[in-house]
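Engineer: Here is what each chain is made of, one letter per residue.
Number of protein chains: 2
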Amino acid sequence: MRYYYPVFKVLGGVLMLFGLTMAVPLGFSHFLHDGIEEGFALSMAITIAIGAGLFLHCRHLDRELQPHDGFLLATLVWTVLPVFGAIPLLLHIPGLSFTDAYFEAVSGLTTTGATVLTGLEKLPVSINIWRCFMVLIGGMGIIVLAVAILPLLGVGGSQVFKAETPGPMKDDKLTPRIAETARGLWTVYFAIATACLLGYRWAGMSWPDAFMHMCSTMGLGGLAGYDASFAAFDSLKVELVAIVFMLLSGVNFALYFRIWQRRSMRPLWRDLEARLFFALMAASVAVVTVFLVAHGVYPEWTTALRHAAFNVISVATTTGFATVDYAQWPIFAPILMLFLCGFATCAGSTGGGIKLSRSLLLMKQVQREFTRLLHPRAVRPVTLGGAVVEPQVLFSVQAFMLVYGAVLTAGTMALLLTGLDIISAFTAVVACINNTGPGLGQVGPANNYQGLTDLQTWICSIVMLLGRLELFAMLILFTPQFWRR
Amino acid sequence: MRYYYPVFKVLGGVLMLFGLTMAVPLGFSHFLHDGIEEGFALSMAITIAIGAGLFLHCRHLDRELQPHDGFLLATLVWTVLPVFGAIPLLLHIPGLSFTDAYFEAVSGLTTTGATVLTGLEKLPVSINIWRCFMVLIGGMGIIVLAVAILPLLGVGGSQVFKAETPGPMKDDKLTPRIAETARGLWTVYFAIATACLLGYRWAGMSWPDAFMHMCSTMGLGGLAGYDASFAAFDSLKVELVAIVFMLLSGVNFALYFRIWQRRSMRPLWRDLEARLFFALMAASVAVVTVFLVAHGVYPEWTTALRHAAFNVISVATTTGFATVDYAQWPIFAPILMLFLCGFATCAGSTGGGIKLSRSLLLMKQVQREFTRLLHPRAVRPVTLGGAVVEPQVLFSVQAFMLVYGAVLTAGTMALLLTGLDIISAFTAVVACINNTGPGLGQVGPANNYQGLTDLQTWICSIVMLLGRLELFAMLILFTPQFWRR
Ligand SMILES: [K+]
Ligand SMILES: [K+]
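As you go down the protein sequences, you meet chains A and B in turn.
Counted from 1, the first sequence has number 465 at position 464 by my numbering; the numbering is strictly sequential.
Counted from 1, the second sequence has number 363 at position 362 by my numbering; the numbering is strictly sequential.
If a hint is listed, it holds; no wrong ones were tucked in.
Pulled a few chain A residues facing chain B out of the computed Cβ check, cut under 7 angstroms:
{"#": "1", "residue": "I332"}
{"#": "2", "residue": "F333"}
{"#": "3", "residue": "L363"}
{"#": "4", "residue": "F371"}
{"#": "5", "residue": "P392"}
{"#": "6", "residue": "L403"}
{"#": "7", "residue": "L417"}
{"#": "8", "residue": "L418"}
Treat the hints as calculated values from the structure; they're not laboratory data.
No residue lacks a Cβ here, since even glycine has one placed at the ideal position from N, Cα and C.
Work out the full structure, taking the sequences as your base and the hints as a guide.
Structural biologist: Written out as structure tokens, the structure reads:
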């Protein structure tokens with residue numbers, strides 16, 4: 002156990018920082034006079050105190066963090082922080098169980114955006130601010146996790162994206178790498194976040210609304226301050242701003258870092274994954290628009306386009322905002338949208354799912370297999386952006402895909418065993434593993450996760466965490482190998 | 002086009018043989034006096050005449066068949082034979098469309114066992130004999146395809162099972178290899194089929210019933226002579242015989258060939274895949290039995306065990322017989338059963354799905370990935386039964402799995418687009434791609450494929466063919482590369 006003290010020390014530090022971020026909802030509470038400042042102050046005190054305690058208790062054994070400590074650290078951060086993130090919710094939402102509060106905090110910090118709450122409008126505004134702010138914090142963690150930590154650990158073939166990373170590449174030490182990468186990524190993250198905030202304000206939102214929905218948009222989270230989600234605004238301007246920033250957040254943030262470094266947009270246009278992402282979004286919106294008009298869901302092209310654009314991009318980017326109850330559309334459309342959310346976002350974005358670059362590698366490998374069947378002696382390596390992809394990376398990507406399928410199956414089976422109907426069970430697992438949020442049926446866009454039993458809620462929390470930690474980073478802790486040394 | 006004449010010549014020969022097999026239902030019709038001898042005679046004449054015409058027309062250009070001709074030949078055999086197999090159905094079932102007749106023949110020859118017919122009891126017995134006999138013929142084709150042809154072509158990593166094959170291994174010429182392998186496999190196939198026939202007769206079936214259900218059992222087909230499937234017999238003895246022979250047919254027939262050659266059962270007990278198969282069946286029956294009792298579906302253990310044993314083994318082995326409407330069981334059970342049918346049978350059996358050996362390789366690769374994450378420099382090769390599996394085989398198996406997932410998704414989406422509900426759409430595609438037969442919902446065990454529109458029926462026919470031809474053997478014909486020389 003003492004061997005892991007350096008990991009716990011970092012966790013303690015992260016907890017203290019997390020506690021400090023509670024100053025943001027506390028500040029809002031103060032200026033909005035919603036009367037729950039004390040709750041936030043208490044939560045903050047508890048979080049910082051426990052974080053400091055952990056930090057101090059574990060500070061003595063100081064060994065350099067090794068790459069494989071990253072598995073434990075990432076899992077601890079995403080499972081422990083929600084415990085503390087849940088405190089303000091437990092204090093100020095009457096009758097909320099720990100199960101539900103933890104789910105809500107996990108949903109925020111994994112940027113899933115599924116909720117167990119209704120009557121959001123009646124909650125203190127700063128509670129909604131905190132729910133959404135956790136999405137922004139989660140997003141900060143995710144881009145560092147995805148761009149710096151997981152590629153270093155070689156999870157799911159993500160080492161192939163190393164070249165994109167800001168910061169020192171050849172340094173195998175965890176801490177400096179994370180620190181330098183984080184600095185670069187967060188700079189561009191906050192720059193875009195500021196633009197998003199001003200965009201929503203321009204579109205007519207109040208400052209608190211603009212802030213909380215900016216947080217939720219940047220993290221592709223999907224939590225909103227209204228039960229009706231974005232239908233509450235009923236504003237084309239708001240929807241357009243949301244679309245722009247959902248699309249921007251679906252791209253690898255390392256690209257923005259390079260754009261900023263080079264003062265040129267070229268890195269974006271030259272990136273295959275980003276181009277594919279925009280093309281896929283455009284094509285999907287077009288298909289769903291035509292489908293909706295053809296089925297007479299919306300008689301007017303413009304209405305169909307508006308609703309298709311917002312809701313398709315929202316689900317496909319794993320955001321999960323809604324302006325209509327798209328579960329009522331003929332079933333092909335919502336199923337297509339949920340299918341897209343499994344792979345449509347770029348690696349290094351705040352999105353979930355297996356990511357476009359992995360899908361691309363898998364497709365290229367299938368293509369190569371067809372060639373091999375006809376010309377067994379002419380097997381060429383798979384390439385990505387001109388560079389040869391090592392077989393080991395392909396194996397890692399495929400293992401990722403297999404475990405993804407296994408978790409999808411096991412999660413659905415587990416929910417079926419608890420008595421949930423099959424549509425809700427399957428789509429809840431899809432929506433959670435991809436960190437999207439709304440599924441269909443009982444967990445559809447017009448409903449939420451409130452109707453689930455405690456056991457079902459826990460299953461969903463676990464699936465959200467598994468998805469966010471790219472499966473392997475969490476599952477590896479359950480192998481005896483990990484704990485052997 | 003002339004380049005493919007040697008392939009068409011073989012197809013002509015196969016057609017002639019297929020025409021000859023119509024003598025079997027013709028003989029039954031004669032002895033049972035059901036008055037449709039002439040129909041079979043006519044069908045037989047047409048099939049043999051067209052087969053002979055093709056054979057003679059294409060006999061002049063005589064080049065040796067190459068391995069890659071196997072793709073075209075396999076696809077032609079399984080798409081063209083059903084056209085002729087449908088003739089007797091079209092002649093004697095009033096109002097039957099070609100779409101439905103072709104579906105029924107594809108369902109037989111791919112040993113899927115899905116049906117678009119109701120009122121089976123009122124059909125001439127020899128028509129039911131023919132439907133089921135096509136399953137037996139299909140099964141003969143499948144074991145040769147799976148044991149001799151596909152491994153030679155390297156489809157889906159099946160080259161790893163080469164060692165099991167009777168016949169010359171190093172011969173790259175298609176024809177002698179197929180001939181010798183077929184002789185060995187069909188000897189044991191017919192021996193077991195005879196035992197099955199006598200078993201059903203012993204259990205109390207009439208000769209025609211015993212014959213047709215033997216055919217359907219050996220091919221793991223699932224077509225029956227009664228709308229109620231095996232519930233029509235309501236006999237424990239019949240069910241036990243069916244269970245025994247469904248299990249036997251789920252094993253690699255190359256193993257039986259070796260058992261026969263060596264006069265020893267050891268090849269069976271020593272085979273990892275076979276042992277896994279039996280263990281998986283036993284475990285699944287146990288789980289479903291407990292589940293049914295726990296949910297009070299059947300208050301008595303013995304009843305639960307009886308129904309679980311028959312229906313779970315039937316679906317998991319991709320047979321598709323039913324003694325109860327298991328779609329009415331709490332949804333976890335039928336979904337588990339459909340999940341099993343995707344991978345539970347052995348390579349070289351008459352079953353469908355991705356096969357146990359492929360699943361085993363995939364699992365081993367995932368396991369290796371976990372090890373690699375912790376010890377990047379200690380990557381060991383994947384082994385199967387002590388032998389190292391080449392990376393290329395792993396890539397092939399994974400490509401197979403990916404295309405399997407893609408067809409599952411595309412097929413479901415296509416059916417959703419036609420307006421089918423999601424449960425029926427998804428389970429129909431699962432049941433067709435795995436050549437199982439009954440799905441859930443509109444295509445559940447108490448219903449059948451009759452309610453589908455023509456377009457939906459064609460989609461299902463295509464998915465059955467894709468599944469049976471192990472996806473690649475058919476899909477490769479749609480690549481431009483295949484036709485380039
Ligand atoms: K989300
Ligand atoms: K079948």
